[in-house]
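Counting from 3, one number per residue, gives the positions in the sequence shown under the numbering used here.
Just so you know, the hints here were simulated from the structure itself, not pulled from any lab data.
Treat the hints with caution; some may be incorrect.
Below, computed lysine-lysine pairings styled on DSBU-like, alpha-carbon distance capped at 35 Å [as the list claims (entries may be wrong)]:
1) Lys351 with Lys218
2) Lys540 with Lys501
3) Lys173 with Lys218
4) Lys591 with Lys605
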Amino acid sequence: MNLNFHSHKTQLIATAIGASVATAGLLSAYTSYSRREKRKHLTEHIKRSIASHSSSTDITTRHELTPPPPPNGFRDDFAVYDEDLVKEQLARNYAFFGEESMAKIREGTVVIVGCGGVGSWAAVMLVRSGVSKIRLVDFDYVTLSSLNRHATAGLTDVGTPKVKCIERTLKQIARWVEVDSRIEIWRKEEGGDLLEGADWVIDAIDNIQTKVDLLKYCHDHDIKVFSSMGSGAKCDPTRIQISDISATVYDPLARSVRRRLRLLGVSSGIPVVYSTEVPGDVRLLPLPEEEFEKGPVKELGVFDDFRVRILPVLGPLPSIFGLNAATYILCELAGKPILNPLPIKNRKKLYERLLRDLLHRETKLTGETINKLPIDEDDVSLIFEDVYRGRSVIPPHNVPSRPTLVRWDVRQPLTINNCVVMEFGEAEKHSKESGTVTEPLTSPEIIWGSAVQKVVEHRADELRREREWVIKMQQDFIVTRLEDWARSDKYHNSFLIEKDSVLDAALANSNANGLPEIAVSTAQGKFLKLLASSIAAKRILEVGTLGGYSTIWLARALPDDGQLITLELSEKHAQVARDNLANAGLSTKVEVIVGKAVDSLAKLHPDPPFDLVFIDADKPSNLQYFTEAKRLVRKGGVIIVDNVVRYGRVADPSYIDDNIEGVRNLLKAIQGDAEVDATTIGTVGEKGYDGFLYAIRK
Numbered sequence: 003m004n005l006n007f008h009s010h011k012t013q014l015i016a017t018a019i020g021a022s023v024a025t026a027g028l029l030s031a032y033t034s035y036s037r038r039e040k041r042k043h044l045t046e047h048i049k050r051s052i053a054s055h056s057s058s059t060d061i062t063t064r065h066e067l068t069p070p071p072p073p074n075g076f077r078d079d080f081a082v083y084d085e086d087l088v089k090e091q092l093a094r095n096y097a098f099f100g101e102e103s104m105a106k107i108r109e110g111t112v113v114i115v116g117c118g119g120v121g122s123w124a125a126v127m128l129v130r131s132g133v134s135k136i137r138l139v140d141f142d143y144v145t146l147s148s149l150n151r152h153a154t155a156g157l158t159d160v161g162t163p164k165v166k167c168i169e170r171t172l173k174q175i176a177r178w179v180e181v182d183s184r185i186e187i188w189r190k191e192e193g194g195d196l197l198e199g200a201d202w203v204i205d206a207i208d209n210i211q212t213k214v215d216l217l218k219y220c221h222d223h224d225i226k227v228f229s230s231m232g233s234g235a236k237c238d239p240t241r242i243q244i245s246d247i248s249a250t251v252y253d254p255l256a257r258s259v260r261r262r263l264r265l266l267g268v269s270s271g272i273p274v275v276y277s278t279e280v281p282g283d284v285r286l287l288p289l290p291e292e293e294f295e296k297g298p299v300k301e302l303g304v305f306d307d308f309r310v311r312i313l314p315v316l317g318p319l320p321s322i323f324g325l326n327a328a329t330y331i332l333c334e335l336a337g338k339p340i341l342n343p344l345p346i347k348n349r350k351k352l353y354e355r356l357l358r359d360l361l362h363r364e365t366k367l368t369g370e371t372i373n374k375l376p377i378d379e380d381d382v383s384l385i386f387e388d389v390y391r392g393r394s395v396i397p398p399h400n401v402p403s404r405p406t407l408v409r410w411d412v413r414q415p416l417t418i419n420n421c422v423v424m425e426f427g428e429a430e431k432h433s434k435e436s437g438t439v440t441e442p443l444t445s446p447e448i449i450w451g452s453a454v455q456k457v458v459e460h461r462a463d464e465l466r467r468e469r470e471w472v473i474k475m476q477q478d479f480i481v482t483r484l485e486d487w488a489r490s491d492k493y494h495n496s497f498l499i500e501k502d503s504v505l506d507a508a509l510a511n512s513n514a515n516g517l518p519e520i521a522v523s524t525a526q527g528k529f530l531k532l533l534a535s536s537i538a539a540k541r542i543l544e545v546g547t548l549g550g551y552s553t554i555w556l557a558r559a560l561p562d563d564g565q566l567i568t569l570e571l572s573e574k575h576a577q578v579a580r581d582n583l584a585n586a587g588l589s590t591k592v593e594v595i596v597g598k599a600v601d602s603l604a605k606l607h608p609d610p611p612f613d614l615v616f617i618d619a620d621k622p623s624n625l626q627y628f629t630e631a632k633r634l635v636r637k638g639g640v641i642i643v644d645n646v647v648r649y650g651r652v653a654d655p656s657y658i659d660d661n662i663e664g665v666r667n668l669l670k671a672i673q674g675d676a677e678v679d680a681t682t683i684g685t686v687g688e689k690g691y692d693g694f695l696y697a698i699r700k
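Starting from the given sequences, assemble the full structure and let the hints guide the process.
As structure tokens, then:
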């Protein structure tokens, strides 16, 4: 199209377009100018507010310069910022959550335990998002190697406490935030102080024992906690997710924490961030050779139970873990929780099927109807995911297309140690060639070879080590309570049991001769004496003499013509007992018989019968001793079997040592025994948690 610029019409159109462009330009320029002036005014206002606050030393003057307190009940400390400025800074969060939810976030209190790569990023984003009270707990200091992943540390911070470094940055980000920095290590003994007032706790600890301690403590005290699992030796951010601790897979740290917590009675209810990425060939960072030459490398640890060597960490990964933790907690505080975190794997249905199939196999194996197995879905998860890593026990250890659980050795009871993962076809072959419980055919080692047998034994050893660790953990958790119970024991004894030089000498002589310190407690000794007196016992049988401490207590309840027979396997122990009995003036009432208790019991006659039998010997033979005791005791007579509670482990099917099995066999036998009526009495005191079985012959 040709334009005629001399045309009047064309000139009018050009004039109109030019005017429009000029008007738009003027409007745009004015808008930009207004925004700059508004921002400049806002910046100057902030500077004046901060300067007046920091330079003022007079309380009256400071009060006069302070803006009115913000609404919604926030503290006067917040007045360093005008409330409008606070909302301007948090505008995007207010737009997302709304007024009511943001009020909850700003009133929230979060405690972060562990302020390294994960904890520092979580702290920064929580405060940037409006959390106004935050407590930072970490004993460690910033090092040069921290700078690849820490959210706030710079070169000038090297050698300073991590918590102080974060505190400085948080106050630069949000002048209203209240930061409580604690240069401390969290310990379960005094951990309540550091967690006081927390709405949420973030566990960003990289020491496994302290991590489990913290999670167990929070679970037991109904404190909400979010835990970060292992970001070390990982590089794939697409594998990071949030889930319940019970649903974690492939993460070695999560597996260790999950197994320990499950054995401590915590199977679920703790949200975690973890990665399903399987670590490659990355290994622990080596220690320089000169460190080994200096002496024991364990001494390099900050504390005795803290690791010396660490996994290498790719800087961005811990930050992603920390941001996940912060996001989850912000949504929880706001009352808008992440309802269904997308699981990479949901194996609940698989566990249910594995358990049903195992029940069916066990029914065929035993030839009996079984309503409930001694293992549950949690145990199935432990066996399948943690013990055998979702692979068949049979080489080349493939991931089975139809995984099946099967009892490994039909000659042994079904436990988590005696249950393995196989492909369906392998399980069918195993069941066919192994036989049944009543008619076993071929041992699994012959069926599959010694290499597979060693794999099963190795996995069982792993579980045993886990249990030993858990036992120690349980003992650590209750050590303070046990100390309290022991003090209580001694307090009551000080009123009810007189000081006895003869008994003290018996214990001292036993210790001097190297006898194990496993005699009954003072209170239990007194109980045995009172029991014998209450039934007017004239004839007492004791199985297990040791140094004669309990023997003395029992013998003191006898009349002048009474008799006590005590059975002891060790000649050395028997001689120590004889010396102690002689010192107590009881040699004429007590006969010490040396030899195997089963053989000695068989030679005793129930004429006259015994009034009381006290069994405190090797636990695997409990049932044999109890059976003989029934034969030897009178009707209405009492049988006591010591040490049958064993810290409660007897009720846990994962514990299968001979002592616990001895107690279980005894309980099963008594259940259907019409000749006795029995109960168990739990005890706690200077000897720890245990108990004894009290039975009366009908």
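Results for each hint:
Between lysine 351 and lysine 218, the direct Cα distance comes to roughly 27 Å. Compliance with the 35 Å bound is thereby established for this hinted pair. Only pairs whose Cα atoms come within 35 Å are accepted, and lysine 540 paired with lysine 501 is accepted, the gap being roughly 26 Å. Among the hinted pairs, lysine 173 with lysine 218 is consistent with the structure: their alpha-carbon atoms are about 32 Å apart, no more than 35 Å. Using a Cα cut-off of 35 Å, the hinted pair lysine 591 and lysine 605 holds, with the two alpha carbons roughly 20 Å apart.
Checked against the numbered hints given earlier, the structure satisfies every one of them.
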